[in-house]
Amino acid sequence: MIAQDAERNNAEWLAALGGEGLAAREAFRDLTSVLRRNLSRALGNRAGVDETALEDFVQEALMKITRNLDSFRGDSRFTTWATAIAVRTALTTLRRAHWKNVSLDEMALDRLEHGESMPTQEQDSQRQEVVHLLYKLIEEELTPRQREAVLGSLAGVPQAILMERLGLNRNALYKLEHDARKKLRAGLERNGIRAEDVRELFHE
Amino acid sequence: MKLTPEILNGLARSIAATRPEEIDCDEWLSRVGRLLEIMQRGEPVPPDLAPVLQHIELCPECQEEFQLLLAALNDPD
Numbered sequence: 731m732i733a734q735d736a737e738r739n740n741a742e743w744l745a746a747l748g749g750e751g752l753a754a755r756e757a758f759r760d761l762t763s764v765l766r767r768n769l770s771r772a773l774g775n776r777a778g779v780d781e782t783a784l785e786d787f788v789q790e791a792l793m794k795i796t797r798n799l800d801s802f803r804g805d806s807r808f809t810t811w812a813t814a815i816a817v818r819t820a821l822t823t824l825r826r827a828h829w830k831n832v833s834l835d836e837m838a839l840d841r842l843e844h845g846e847s848m849p850t851q852e853q854d855s856q857r858q859e860v861v862h863l864l865y866k867l868i869e870e871e872l873t874p875r876q877r878e879a880v881l882g883s884l885a886g887v888p889q890a891i892l893m894e895r896l897g898l899n900r901n902a903l904y905k906l907e908h909d910a911r912k913k914l915r916a917g918l919e920r921n922g923i924r925a926e927d928v929r930e931l932f933h934e
Numbered sequence: 026m027k028l029t030p031e032i033l034n035g036l037a038r039s040i041a042a043t044r045p046e047e048i049d050c051d052e053w054l055s056r057v058g059r060l061l062e063i064m065q066r067g068e069p070v071p072p073d074l075a076p077v078l079q080h081i082e083l084c085p086e087c088q089e090e091f092q093l094l095l096a097a098l099n100d101p102d
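Just so you know, the sequences run in chain order A and B.
Sequential numbering from 731 applies to the first sequence in the numbering used here.
Sequential numbering from 26 applies to the second sequence in the numbering used here.
Some hints could be false.
Straight-line distance between alpha carbons at most 20 Å, and here's what the computed SDA-like set of lysine to any residue pairs gives [to be verified]:
no.: 1; chain 1: A; residue 1: K794; chain 2: B; residue 2: G35
no.: 2; chain 1: B; residue 1: K27; chain 2: A; residue 2: K794
no.: 3; chain 1: B; residue 1: K27; chain 2: A; residue 2: I923
no.: 4; chain 1: A; residue 1: K912; chain 2: B; residue 2: R38
no.: 5; chain 1: A; residue 1: K912; chain 2: A; residue 2: P874
no.: 6; chain 1: B; residue 1: K27; chain 2: B; residue 2: R44
no.: 7; chain 1: B; residue 1: K27; chain 2: A; residue 2: R877
no.: 8; chain 1: A; residue 1: K913; chain 2: B; residue 2: Q88
no.: 9; chain 1: A; residue 1: K912; chain 2: B; residue 2: N34
no.: 10; chain 1: A; residue 1: K912; chain 2: A; residue 2: E894
no.: 11; chain 1: A; residue 1: K866; chain 2: B; residue 2: E68
no.: 12; chain 1: A; residue 1: K905; chain 2: A; residue 2: N921
no.: 13; chain 1: A; residue 1: K913; chain 2: A; residue 2: N901
no.: 14; chain 1: A; residue 1: K905; chain 2: B; residue 2: C50
no.: 15; chain 1: A; residue 1: K905; chain 2: B; residue 2: K27
no.: 16; chain 1: A; residue 1: K866; chain 2: A; residue 2: N921
no.: 17; chain 1: A; residue 1: K913; chain 2: B; residue 2: R44
no.: 18; chain 1: B; residue 1: K27; chain 2: A; residue 2: T823
no.: 19; chain 1: A; residue 1: K905; chain 2: B; residue 2: N99
no.: 20; chain 1: A; residue 1: K794; chain 2: A; residue 2: T823
no.: 21; chain 1: A; residue 1: K794; chain 2: A; residue 2: A783
no.: 22; chain 1: A; residue 1: K912; chain 2: B; residue 2: G35
no.: 23; chain 1: A; residue 1: K866; chain 2: B; residue 2: C50
Since the hints were derived computationally from the structure, they do not count as laboratory data.
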């Protein structure tokens with residue numbers, strides 16, 4: 731069962747939040763309550779997420795939501811959309827905090843290191859062939875920025891940090907990484923390796 | 026950077042899932058609400074939401090957000 735809203739339909743939420751006076755204040759109060767409840771359900775068990783942190787996330791999310799009311803498509807409940815923004819807002823902050831002391835320069839995301847990290851214990855020769863080909867394609871076909879985007883993402887570096895490092899917004903970063911994946915996929919296919927084969931070989 | 030077996034597995038999966046056209050993270054965020062509500066009602070996911078599902082497979086951050094949204098929007102009462 732889906733959590734219920736504070737008894738407003740989408741048009742009423744938009745009108746109230748975009749307006750002034752008592753109706754606007756009541757809508758802000760109710761949306762604050764909805765977001766606090768939903769973020770608590772989503773993040774309440776996380777270490778370091780206390781009531782103060784939740785309140786900060788809610789306030790930051792409220793600002794983003796009210797600045798972007800025009801982008802609400804209206805194909806879900808308003809509070810579902812608002813909660814999605816709040817969750818992204820909170821996780822972006824938590825991810826930044828988690829990675830704040832990590833040196834991306836030391837991770838050397840723009841170049842591959844050969845050697846002991848190669849999964850030489852793998853017995854499957856076809857899989858090994860694909861691994862060697864991937865190394866070659868990453869080194870020869872991707873630009874340094876594409877390598878950073880792809881390898882950073884795979885290493886778990888938050889998008890927000892990669893965006894800062896590469897001077898890109900979120901969508902431009904996604905496009906950079908998407909273009910890199912397309913190059914790698916095309917490179918594999920040129921060598922007779924289909925995406926379905928790759929999925930099968932690396933299925934865990 | 027070293028490619029650990031875990032990273033290679035992730036890379037292989039993401040390459041296999043790569044489509045010529047994909048939605049980005051902001052587009053996903055704007056459309057995921059409808060997917061969540063359809064899934065929570067137990068209804069079949071319509072074809073026009075396939076890109077939203079595919080993005081979850083490709084983007085670890087949006088995947089994490091999706092799992093949290095499922096938890097957040099589920100009413101235990």
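Worksheet item: Is the Cα-Cα distance between K27 of chain B and R44 of chain B 20 Å or less?
Response: The given pair, whose Cα atoms are some 26 Å apart, is violated under the 20 Å limit.
Discussion item. Need the status of pair K905 of chain A, N921 of chain A: alpha-carbon distance at most 20 Å?
Written reply: violated (24 Å)
Worksheet item: Does the alpha-carbon distance linking K913 of chain A and R44 of chain B stay inside the 20 Å limit?
Response: Given that 20 Å is the threshold and the Cα spacing comes to 11 Å, the pair holds.
Fill in: Hinted pair K912 of chain A and E894 of chain A, Cα distance within 20 Å
violated (23 Å)
Worksheet entry | Restraint check for K912 of chain A with G35 of chain B, where alpha carbons must lie at most 20 Å apart | holds (15 Å)
Worksheet item: Regarding the pair K27 of chain B and R877 of chain A, is the alpha-carbon distance no greater than 20 Å?
Response: holds (12 Å)
Item to complete: Please work out if K794 of chain A and T823 of chain A have their alpha carbons no farther apart than 20 Å.
Response: At roughly 14 Å apart (the allowed maximum being 20 Å), T823 of chain A and K794 of chain A satisfy the hint.
Worksheet item: Are the Cα positions of K27 of chain B and K794 of chain A separated by 20 Å at most?
Response: Between K27 of chain B and K794 of chain A the Cα gap is close to 38 Å, so the pair fails against 20 Å, i.e. violated.
Worksheet item: Between K905 of chain A and C50 of chain B, does the CA-CA distance stay at or below 20 Å?
Response: holds (10 Å)
Discussion item. Holds or violated: K912 of chain A and R38 of chain B, Cα atoms, limit 20 Å.
Written reply: holds (13 Å)
Item to complete: For the pair supplied as a hint, K912 of chain A and N34 of chain B, confirm whether the alpha-carbon distance does not exceed 20 Å.
Response: holds (17 Å)
Discussion item. Against the 20 Å threshold, does the CA-CA distance of K794 of chain A and G35 of chain B hold or violate the hint?
Written reply: violated (32 Å)
Comparing the model with each numbered hint stated earlier shows that hints 1, 2, 3, 6, 8, 10, 11, 12, 15, 18, 19 and 23 do not hold.
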